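**Q** For the sequence shown, the working numbering gives the first residue as 1, with consecutive numbering after it.
By construction, these hints were calculated from the structure, which means they are not laboratory data. Just to be clear, a hint being listed does not mean it is correct.
Computed cross-link-like contacts, BS3-like style, restricted to lysine-lysine with a CA-CA straight-line distance of at most 30 Å [unchecked claim]:
| # | residue 1 | residue 2 |
| --- | --- | --- |
| 1 | 77 | 51 |
| 2 | 51 | 72 |
| 3 | 60 | 72 |
| 4 | 60 | 77 |
Distance windows between CB atoms, simulated [stated by the list, open to error]:
| # | residue 1 | residue 2 | range |
| --- | --- | --- | --- |
| 5 | 3 | 35 | 25 to 35 Å |
| 6 | 18 | 86 | 55 to 65 Å |
| 7 | 67 | 87 | 20 to 30 Å |
None of the values given here were measured: they were computed from a predicted structure. No residue lacks a Cβ here, since even glycine has one placed at the ideal position from N, Cα and C.
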Amino acid sequence: MALVCGAQDALSAGDVLKIAEKDLQDMALLQDSIPLEIEETPHPRITAAAKMREEVQALKEQGFSQAEIARKLGMAKTTVQRHWHRSI
Numbered sequence: 001m002a003l004v005c006g007a008q009d010a011l012s013a014g015d016v017l018k019i020a021e022k023d024l025q026d027m028a029l030l031q032d033s034i035p036l037e038i039e040e041t042p043h044p045r046i047t048a049a050a051k052m053r054e055e056v057q058a059l060k061e062q063g064f065s066q067a068e069i070a071r072k073l074g075m076a077k078t079t080v081q082r083h084w085h086r087s088i
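Based on the sequences and whatever the hints tell you, model everything.
**A** So, in structure tokens, the structure goes:
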């Protein structure tokens, strides 16, 4: 890779490697290992939907109707209905 980058930028492979080493040191990444496992974080929509489902279920447990929950949370009745039937 250093040879290709060097050829593109008219630098020697050694110069490319020195630049890369300096860049990694500047970013404090030279001594860090790269994890093999990717940490997956849920998409924000999934997180938001889970939060809404929890809110609907909590209000359901308190005895609120679907219509009351829809008004209270400002969401469509169909959305409340969808979360109403799903467990946490």
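**Q** For the pair we were handed, residue 77 and residue 51, check the Cα-Cα distance against 30 Å.
**A** Measuring from Cα to Cα gives roughly 17 Å; hence the hint holds.
**Q** Starting from residue 60, check that the Cα of residue 77 is at most 30 Å away, please.
**A** Distance ~13 Å between residue 60 and residue 77 Cα, so the pair holds.
**Q** Using the Cβ atoms, figure out if residue 67 sits within 20 to 30 Å of residue 87.
**A** holds, 21 Å
**Q** Given the proposed pairing of residue 60 with residue 72, does the C-alpha separation stay at or below 30 Å?
**A** Satisfied, since the Cα-Cα distance of roughly 12 Å is no more than 30 Å.
**Q** Should the hint that residue 18 and residue 86 are 55 to 65 Å apart at their CB atoms be regarded as holding?
**A** holds, 57 Å
**Q** Can you let me know if the beta-carbon spacing of residue 3 and residue 35 is within 25 to 35 Å?
**A** Taking Cβ atoms as reference, residue 3 and residue 35 lie about 28 Å apart, which means the hint holds.
**Q** Given the hinted pair residue 51 and residue 72, is their alpha-carbon gap at most 30 Å?
**A** Judged against 30 Å, a Cα distance of about 15 Å means the pair holds.
Of the hints listed earlier, there is not a single one the structure fails to meet.
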